[in-house]
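A.B. asks: Sequence:
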Amino acid sequence: MTTALIIGDVQRGITSGYPFARQVVPPLTELLPRARAAGALVAFVHFAFRPNGADLPPGNAMFRSFYEAGDAFLEGSAGAEIDLPVTEEDVVVLKRRASAFAGTDLDLVLRAGGVDTILVAGVATSAMVAATCYDAADRGYRVTVLRDGCADGDAVMHDFFMDAVFPSRGFEVITCADWQEVREE
Numbered sequence: 001m002t003t004a005l006i007i008g009d010v011q012r013g014i015t016s017g018y019p020f021a022r023q024v025v026p027p028l029t030e031l032l033p034r035a036r037a038a039g040a041l042v043a044f045v046h047f048a049f050r051p052n053g054a055d056l057p058p059g060n061a062m063f064r065s066f067y068e069a070g071d072a073f074l075e076g077s078a079g080a081e082i083d084l085p086v087t088e089e090d091v092v093v094l095k096r097r098a099s100a101f102a103g104t105d106l107d108l109v110l111r112a113g114g115v116d117t118i119l120v121a122g123v124a125t126s127a128m129v130a131a132t133c134y135d136a137a138d139r140g141y142r143v144t145v146l147r148d149g150c151a152d153g154d155a156v157m158h159d160f161f162m163d164a165v166f167p168s169r170g171f172e173v174i175t176c177a178d179w180q181e182v183r184e185e
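Residue numbers for the sequence shown follow our numbering, beginning at 1 and rising by one.
Hints were generated in silico from the structure; no laboratory data involved. Just so we're clear, the structure is a prediction, and the values are computed from it rather than from any experiment. In this text, a Cβ means the ideal position worked out from N, Cα and C, and glycines have one as well. Among the clues, some could well be false.
Said to hold, decoys possible - Taking CB as the label site, the calculated pair distances span:
| id | residue 1 | residue 2 | range |
| --- | --- | --- | --- |
| 1 | ASP116 | ASP178 | 33 to 39 Å |
| 2 | ASN60 | PRO26 | 28 to 34 Å |
| 3 | PRO33 | PRO58 | 18 to 24 Å |
| 4 | ALA69 | GLU172 | 31 to 37 Å |
| 5 | ASP163 | PRO26 | 28 to 34 Å |
| 6 | GLY153 | ARG64 | 16 to 22 Å |
| 7 | VAL156 | GLY59 | 25 to 31 Å |
| 8 | ALA37 | VAL156 | 32 to 38 Å |
| 9 | GLY39 | THR175 | 38 to 44 Å |
| 10 | TYR18 | LEU108 | 26 to 32 Å |
| 11 | ASP163 | VAL92 | 16 to 22 Å |
| 12 | ASP163 | ARG34 | 31 to 37 Å |
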């Protein structure tokens with residue numbers, strides 16, 4: 001295995017509370033069995049704060065608003081549960097910041113699996129997706145972004161990242177339907 005599909009923040013509290021997030025569920029649901037059949041590691045990353053707020057950064061109004069939103073972003077709540085089919089072979093990572101790598105063991109899991117290429121999907125494009133892509137590139141991974149597997153509350157921002165920012169950083173941008181694992185024999 002050299003490829004991992006990383007899906008971030010597609011969790012019940014987000015897909016139910018933010019209409020733009022729901023649009024990624026169908027293409028990702030279709031992609032998941034193909035990715036697993038191709039031998040890609042599937043890693044779901046979900047976002048939540050501790051219920052007591054011990055991991056809430058002081059003075060950060062955005063994170064404070066997430067924390068105060070309640071169930072959608074609290075560890076152990078129904079809102080923090082992944083809103084896609086998870087199998088026992090998949091990896092589930094809890095994060096407390098934008099990037100899937102920040103303060104998590106995701107890099108350790110990927111390296112243990114021999115992963116050198118990642119496919120990134122999730123919400124929001126300008127937050128979790130961008131932060132994860134930058135961290136992955138800094139760690140030496142080849143990065144592909146799944147255009148229809150990502151969404152942002154601002155469609156113009158989503159397109160800007162997909163059409164300008166990600167390609168300018170050397171990240172490939174493709175659709176979920178266009179992804180095909182290339183196996184080295």
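A.B. asks: Could you run down the list of hints and mark each one as holding or not?
C.D. replies: Checked hints:
no. : hint                         : in the structure
1   : ASP116 to ASP178: 33 to 39 Å : violated, 20 Å
2   : ASN60 to PRO26: 28 to 34 Å   : holds, 33 Å
3   : PRO33 to PRO58: 18 to 24 Å   : violated, 43 Å
4   : ALA69 to GLU172: 31 to 37 Å  : holds, 34 Å
5   : ASP163 to PRO26: 28 to 34 Å  : violated, 22 Å
6   : GLY153 to ARG64: 16 to 22 Å  : holds, 18 Å
7   : VAL156 to GLY59: 25 to 31 Å  : holds, 29 Å
8   : ALA37 to VAL156: 32 to 38 Å  : holds, 35 Å
9   : GLY39 to THR175: 38 to 44 Å  : violated, 20 Å
10  : TYR18 to LEU108: 26 to 32 Å  : holds, 30 Å
11  : ASP163 to VAL92: 16 to 22 Å  : violated, 31 Å
12  : ASP163 to ARG34: 31 to 37 Å  : violated, 25 Å
Of the numbered hints given earlier, the model fails hints 1, 3, 5, 9, 11, 12; all others are met.
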